[in-house]
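Asks: As you go down the protein sequences, you meet chains A and B in turn.
Using the numbering used here, you'd call the opening residue of the first sequence number 51 and step up by one each time.
Using the numbering used here, you'd call the opening residue of the second sequence number 51 and step up by one each time.
Note that these hints are calculated values from the structure, not bench results.
Don't take every hint at face value.
Identical copies go unnamed one by one, so any copy, or any two together, can satisfy a pair.
[Unchecked claim] Capping the alpha-carbon separation at 25 Å, the derived lysine to aspartate or glutamate pairs in DMTMM-like fashion look like this:
1. K164 x D248
2. K418 x E191
3. K164 x D254
4. K164 x E243
5. K164 x D445
6. K164 x E255
7. K151 x D445
8. K129 x D142
9. K418 x E376
10. K129 x E249
11. K164 x E251
12. K418 x E307
13. K129 x E154
14. K164 x D140
15. K164 x E148
The model shown is predicted, which means the values in this text are computed figures rather than measured ones.
Listed here are the chains, written in short residue letters.
Protein chains: 2
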Amino acid sequence: MELELVTIGNELLLGFTLDTNTAELATALNAVGVRLVRSTTVADTPDAIRDAVRDALARTGFVVTTGGLGPTRDDVTKKVVADLFGAPLDLDAEYLEELRKRFERLGRGPMSEKNRSQAEIPRGAVALQNPRGTAPGVWLEGPPGVVVMLPGVPHEMRGLLETELVPRLVRRMAGSDTTVTRSRLLRTTGIAESSLADELEGVDERIAPVTLAYLPSLEGVDLRLTAWHMAAAAADAALEDAVQAILPLLGRRYYAEADGDLAAVVLDGLGRAGHRLATAESCTGGLLGERITAIGGSSAVYVGGVVAYANEVKGGVLEVSPDILERHGAVSEEVARAMARGVAERLGVSAAMAVTGVAGPGGGTPDKPVGTVYVAARLGDADRVVRLGLSGDRDAVRRRSAQAALDLLRGLLARSVGAEDPGLAG
Amino acid sequence: MELELVTIGNELLLGFTLDTNTAELATALNAVGVRLVRSTTVADTPDAIRDAVRDALARTGFVVTTGGLGPTRDDVTKKVVADLFGAPLDLDAEYLEELRKRFERLGRGPMSEKNRSQAEIPRGAVALQNPRGTAPGVWLEGPPGVVVMLPGVPHEMRGLLETELVPRLVRRMAGSDTTVTRSRLLRTTGIAESSLADELEGVDERIAPVTLAYLPSLEGVDLRLTAWHMAAAAADAALEDAVQAILPLLGRRYYAEADGDLAAVVLDGLGRAGHRLATAESCTGGLLGERITAIGGSSAVYVGGVVAYANEVKGGVLEVSPDILERHGAVSEEVARAMARGVAERLGVSAAMAVTGVAGPGGGTPDKPVGTVYVAARLGDADRVVRLGLSGDRDAVRRRSAQAALDLLRGLLARSVGAEDPGLAG
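Go ahead and model the full structure; you've got the sequences and the hints to work with.
Replies: Written out as structure tokens, the structure is:
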């Protein structure tokens with residue numbers, strides 16, 4: 051099954067708003083076997099909407115629109131599409147009453163007459179409930195084909211996509227030889243894209259027809275496995291086989307699937323091993339703490355930390371000795387190690403990470419150019435420090451540093467768990 | 051002048067990639083008086099590209115494409131468009147030589163034969179230099195109209211947009227009665243959208259024909275002023291008049307234009323007044339320090355801070371007395387004030403911010419529900435604490451809290467500068 055998308059909105063063609071609806075619809079549609087073959091963005095004018103919807107119907111017979119359903123004069127989609135189908139707009143008295151009640155409940159005062167038009171539905175169409183907004187979606191089917199009108203506000207669109215559009219499409223295709231395109235994402239860190247490709251050499255043939263794509267980001271390299279145009283059950287099985295073939299090759303480079311966060315993985319491991327955690331940050335300036343505390347429930351493991359941006363804080367609060375700072379410089383293996391030990395002792399915890407480096411744009415030297423960062427991890431009495439040479443701007447260096455610190459601690463943790471009980475090392 | 055955009059790429063229709071090129075092109079084109087009237091996304095197939103470009107040419111006679119210029123078999127745009135124009139592809143020997151040299155210079159080894167096709171240009175076309183990638187842009191003009199082909203990789207597209215497409219369009223329109231659509235953005239914080247609208251009541255008429263739009267975000271409410279379809283000089287003058295009319299009404303709610311950051315404004319003010327800064331964070335967990343240190347040069351003012359996530363850190367490092375913690379609870383005015391004083395004294399600085407609150411999703415009580423946050427600012431011996439009742443999820447509460455803390459310190463700073471020298475208070 052194929053369909054086209056028409057996204058409607060002047061603000062999209064002025065560059066005021068980034069279109070996120072297309073990608074979101076595309077992912078959801080492909081996952082249930084509907085191919086999005088074209089997406090067209092037009093202005094809020096009747097002519098532009100009419101032309102785009104008519105042409106799209108002529109090509110595929112099935113069109114989804116987003117936008118142009120609100121109560122203002124710009125919002126004309128419903129009227130234009132109803133005209134194309136030769137259907138008058140009827141007032142849905144039931145929906146109007148519901149709308150009135152909703153306005154009262156939200157304490158928005160009496161409903162404006164402008165909102166009345168939102169309860170109008172093309173004759174023969176189905177109104178799709180939109181609890182997140184006042185404009186219902188509309189499913190209109192007739193001789194020209196099918197047009198499904200969704201609101202343009204992303205969270206309203208997403209709601210209708212999940213609760214109405216996808217289930218209806220799935221029912222519509224039931225029994226037909228539907229094929230889907232589905233993906234899984236494996237996240238790795240601590241290895242460059244090219245090295246990862248070397249380690250995975252030859253795997254493409256083993257996982258075929260599933261394909262493998264490398265998606266490098268500041269957190270590492272994500273691997274996207276995609277099963278194309280297969281029956282749903284076969285796609286899921288092929289993806290699972292591919293994951294099982296690849297995971298052993300990734301070893302501990304792999305840390306999570308989908309949008310899993312390395313900070314959550316580390317917190318979970320520390321919590322289960324009974325550790326509490328502190329951070330000492332120089333160039334990341336709080337980013338590491340921010341990432342950790344972005345995870346709900348992090349307070350069970352994380353007690354806090356010190357942002358030691360100036361050397362006086364490294365000395366005064368973290369008790370890094372002036373001698374070490376003097377001899378090795380603030381950006382050094384010795385200082386990173388001393389910061390981790392200092393914060394662990396100061397805050398009375400058994401696990402710590404520390405970061406010190408040159409995030410740029412200034413501050414580089416021939417010995418320690420911009421991107422030179424030392425990260426330290428400490429667990430019980432064991433510690434480990436690595437020197438990184440990171441590329442990218444200030445933001446990139448800082449984000450890569452935080453990720454590397456988390457990964458270093460994850461490594462220490464795996465070893466310590468493994469040492470105590472090899473059965474848990476997995 | 052009007053044109054259409056055709057963005058080419060399977061990954062866009064699969065939802066793997068978010069289309070940022072359209073918004074970027076739209077903004078740049080509208081700013082020089084070119085209206086983007088339609089944007090169409092199609093797959094990497096010759097038929098899909100041909101149909102979309104042909105139809106777009108028939109409507110407007112001027113089409114920009116992005117994508118499909120790389121060396122792989124998917125990249126077919128140039129061939130398809132050349133066919134539409136009846137133009138053969140000629141090898142540009144000069145460009146080929148340049149490409150060879152570039153491969154050598156980058157140490158990529160000998161150039162692959164696949165890359166040879168990138169030096170082919172439709173007869174009569176102009177190659178547009180693309181120093182960021184290997185595929186040149188192409189400007190092809192003939193009886194069907196004009197097609198400008200740009201690469202799809204965003205930073206390559208952006209480069210060609212700025213250095214080639216926009217200057218050529220401006221020259222092309224020189225002398226004609228071109229009108230442009232341009233915007234300016236004024237950033238405010240510390241006031242809700244509805245209150246801001248009340249304070250600005252009646253301003254719409256005063257700034258017409260410039261229009262005003264409210265863009266609420268986690269950092270506050272941005273105001274977008276737009277001059278529509280005017281001569282460039284008139285648009286700039288009308289925007290400047292509108293800015294001058296609105297700024298006095300905003301008072302100190304206004305903090306920066308365009309993408310200016312409140313943290314940078316605060317650092318600048320502190321630096322000029324000779325202050326040094328520290329932070330004490332509970333629920334923001336490092337976010338405030340991260341925002342401050344994201345600003346290059348922040349080390350001149352910011353010395354560091356303490357992430358006091360657990361109460362033992364509030365007591366042990368920041369010297370918040372157990373008595374205060376016991377009596378008022380960690381989320382309280384008294385603790386916020388004591389954290390700010392504690393970190394200022396501990397790190398020996400004259401300026402500080404502190405945040406303590408309930409970011410959620412858990413941890414709320416009837417007295418202090420999720421979203422209850424106390425932020426404190428301290429400057430010299432003066433301090434100020436506010437209680438906030440913030441809406442949104444954990445991330446939203448944390449971001450709004452950090453912004454509120456920065457704004458509170460900005461207020462103290464304005465008052466202190468004003469008290470010393472009223473001439474600087476502006």
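Asks: Are the hints correct? Go through all of them and say.
Replies: Results for each hint:
no.	hint	in the structure
1	K164 x D248	between (62 Å within a copy, 21 Å between copies)
2	K418 x E191	neither (67 Å within a copy, 51 Å between copies)
3	K164 x D254	between (57 Å within a copy, 21 Å between copies)
4	K164 x E243	between (55 Å within a copy, 21 Å between copies)
5	K164 x D445	neither (46 Å within a copy, 35 Å between copies)
6	K164 x E255	between (59 Å within a copy, 22 Å between copies)
7	K151 x D445	neither (48 Å within a copy, 32 Å between copies)
8	K129 x D142	within (15 Å within a copy, 52 Å between copies)
9	K418 x E376	within (15 Å within a copy, 47 Å between copies)
10	K129 x E249	neither (57 Å within a copy, 36 Å between copies)
11	K164 x E251	between (62 Å within a copy, 21 Å between copies)
12	K418 x E307	neither (35 Å within a copy, 36 Å between copies)
13	K129 x E154	neither (27 Å within a copy, 60 Å between copies)
14	K164 x D140	within (16 Å within a copy, 59 Å between copies)
15	K164 x E148	within (15 Å within a copy, 62 Å between copies)
Checked against the numbered hints above, the structure violates hints 2, 5, 7, 10, 12 and 13; every other hint is satisfied.
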